[in-house]
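Undergrad: Protein chains in written order, with this note's numbering: chain A, 1 to 306; chain B, 1001 to 1276.
Among the hints, a few may not be true.
[Unchecked claim] From chain B, some residues computed to sit far from chain A (all C-beta separations above 10 Å):
#1 Leu-1056
#2 Tyr-1095
#3 Trp-1140
[As the list claims (entries may be wrong)] Under the rule of at most 30 Å between Cα atoms (straight-line distance), these lysine-lysine pairs were calculated in the BS3-like manner:
#4 A/Lys-202 to B/Lys-1007
#5 B/Lys-1099 to A/Lys-21
#6 A/Lys-117 to B/Lys-1099
#7 B/Lys-1263 to A/Lys-117
#8 A/Lys-85 to A/Lys-300
#9 B/Lys-1047 to A/Lys-117
Worth flagging that the hints you see were computed from the coordinates, not collected in a lab. Everything numeric in this text was worked out from a predicted model, so none of it was measured. Even for Gly, the Cβ is constructed at its ideal location relative to N, Cα and C.
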Amino acid sequence: MMQTAMNAHKREHISTFSRQKRRETLVGYSFVTPAVLLLIFFLVLPFLLAVAFGFTKFNLLRPDKIHFTGLDNYKLLFTDGLFYKSLWNTLYFTVIVVPVQSGVALMLALLVNNSLKLRNVFRIAYFSPVVTSMTVIAILWISLYNPNEGLINSALHFFGISNQPFLRSSSQAMNSIIFMSVWQAAGYQMMIFLAGLQGISKDIYEASSIDGANKLQQLRYITIPSLYNVTVFVLTITTIQAVKLFVQPYIMTNGGPENSTRTLALLIYQQGFQFRNAGYASAISVIFFLIVVLISFSMKKFLRDK
Amino acid sequence: MRDTRTKLLLYILNLIMSLLFIIPLLWMVVSSLKPENQIFSDLSSLKSLLPLNLTLDNYRSAFERIPMIKYLFNSIFYVSVICISGLGVNSICGYALAKLRFRGNEFILVCIIALMIVPFESILMPLYLVVNALHWVNTWFALIVPFIANCFSIFMFRQFFMDIPNEILESASIDGSGPLKTFASIVVPLSGPVFATAFILDFISHWGDFMWPILVTTGESLRNIQLGIQTFFTLPPIYYGQIMATLTFTTVPIIVLFLLLQKYYVQGITSAGIKG
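Extracted from the complex, chain B is given alone in its bound form:
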């Protein structure tokens, strides 16, 4: 009896809270599907959250005004290249730090942990000057290369690889497999989860990139989707339906990716929390 009452209370509290968390996003999606004038006339009633008079006009006219699809592909392209090349560079570094004995091993590890503290904001300007000196401004290199190596990923890979038994690696090397081959054919297949985790953590954080792309892209050609929606928002005439359409359109890919790799994303967050 007491149990059912607790349960009911939990349901009610959860329902109220989850409505608070979901209503803004629901309003975004529903408004993107409504005619402009109806968004405002519905605003004072529950109708503002109900999909009535559905139309795709907002999407059509928003896409006519700015090249959203191109921005979307730009984002997907450069973020994927960062993440995939990051998997290679960071995992092999993490492997060396976990399993190979060489002078300076400890020192490099300590430096990598210490570097996690440096906030991106405090190196923003000198990083811009470095990229500028390399003549990378307004090229893909500027958006990609500085972010391939990632201290947190290296550390995460290292922690994971530490748990792989040495016997497996030794028997591979006795069988005449070189270190790179051992890594590629023994270690990588054993480590699917940590690769997935590193990939999705990196992807979601770079998907939101905003400050850096503003600085290093001058023209439209390399603009990512975050910059696309921001310029659209400041581009008169302002139609809320179209703005909501671009916001929804930007959110859908990341939600899909999240739902696909949810397990690993949550794992990444919580393992960071427990190791704390």
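Next up, chain A with everything else stripped away, as it sits in the complex:
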């Protein structure tokens, strides 16, 4: 009798428990559904399509006439001089921008991580180009880089340097874009470094100065090692951003002169939307995606190993 009563009680308990669980499952699914559906339609599906289209040939405006061509796009890709040139330009930009920009950012962070009265003014000065949109920056710098009447050439005159062609020269165009990009984005990385710097305990500095360490030694032996994780993070996001270089060359040079600023992202855009080779552009997109994944994973591994 007692037994039965207890069982009944237990059963009731279990059933309310499982009912509650079922309810939580239902609520959970309904809460994630909007986001998940949107992501499936506008992120996962396009991504899978990009992979699939890489094996086909079709005009962007006639997606009903798709031909399966196997690995043809990839074969073409690896014999295409423009692809190699764009890949090279992308890597060149990345390899220069990442250390330079991170270095400048770290320096700025060290400059404003103190008790100066005006530090907030300086921080905002370094940060203001970050908030300004890249379109604005690019158009502004076309004017600054103007070979005849630009502000930069006027400033160079002051130092006795003659007019430079900047964006009009195939040897200077990419470097000009690099300079501008560092100027635009260093403030962003500065903020991350600054957060890292402020996370270092003040006691370590005090202890080391009692031991007779000077400012440079403190920088070398305390600050830099403590920033290891933050640095890897900054390098990772800067690299991923750099590989995507598009708006600057699109607006400022359209890939020229002599393809010196054509990047992978620009090539995808031009092949896809200007020449309408949707299949070929997809193949480049896949390679582009693999490069980004490779970077992210190698950086993550680097972070974990230490």
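Take the given structure of chain A and dock chain B to it, following the hints.
TA: Below, chain B alone, put in the same frame as chain A:
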């Protein structure tokens, strides 16, 4: 003594560097307020950065040539709709992933983190075909709907909601509050900062949208402000004063928003950095 010298050195270095960072923007604003011919005659001297002979002519004539105000409203409209609907969709998804136990919970979270890696550039074309197949080209839907769900926002909300004590949620549910009501009346009011952060991060990134709007807007009616200034730049005759006026005009709203929500924007950047 040594301290004052370090301080002085820091001031000088900061001053030089901040001038380097601010001069291009200062030149933009000052030039937008000058008569066209004076921009060039001042160029070789310090006068190029000093507001002399102020005039609003550049603004007036630029606005006569292209509908800047309309572009501005287009931008504000579609970016706000993305951000506000994003707050709803992403926060509730983040909440479910943080606080509700259901099958597939972990799997969805892992997928969302993995999807953060997919660069927009590599899905650009198929996304265009999807939008085209939906007959959304040249409609607001094309500019808004694909960007409402945002993996980074979902993840950020989830991290924030994880820290809310379960006891608060349980006591609400014992009091008979349904899950949606618990979320709206308990969780949301506790989470102002994370909503502000998600909003401003999203807003600033979409304010700069350029590549996608070129593709999906064919006419002038839906054009955003970034496209507006780009077409203006390529539209002869080219007057630098007018160009600088449109650039300044485009930058002002975002600077105002940034100054208002500065704390949250910086918080968003740095918390991403520390979690790294």
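Undergrad: Please go over all the hints and tell whether each is borne out by the structure.
TA: Quick rundown of the hints versus the structure:
Every C-beta of chain A lies more than 10 Å from that of B/Leu-1056, the closest at about 19 Å, which supports listing it as non-interface. With a minimum CB-CB distance of about 6 Å to chain A, B/Tyr-1095 fails to clear the 10 Å threshold, and the non-interface call is violated. With a least CB separation of 15 Å from chain A, B/Trp-1140 remains clear of the 10 Å interface cut-off, as annotated. For the hint linking A/Lys-202 to B/Lys-1007, the alpha-carbon distance of about 18 Å falls within 30 Å, and the restraint holds.
For the suggested pair B/Lys-1099 and A/Lys-21, the alpha carbons sit about 13 Å apart, so the restraint of at most 30 Å is met. Restraint check: the Cα-Cα separation between A/Lys-117 and B/Lys-1099 comes to about 44 Å, which exceeds 30 Å; the hinted pair is violated. Between B/Lys-1263 and A/Lys-117, the direct Cα distance comes to roughly 19 Å. Compliance with the 30 Å bound is thereby established for this hinted pair. Between A/Lys-85 and A/Lys-300, the direct Cα distance comes to roughly 28 Å. Compliance with the 30 Å bound is thereby established for this hinted pair.
For a cut-off of 30 Å, the pair hint linking B/Lys-1047 to A/Lys-117 stands: about 29 Å separates their Cα positions.
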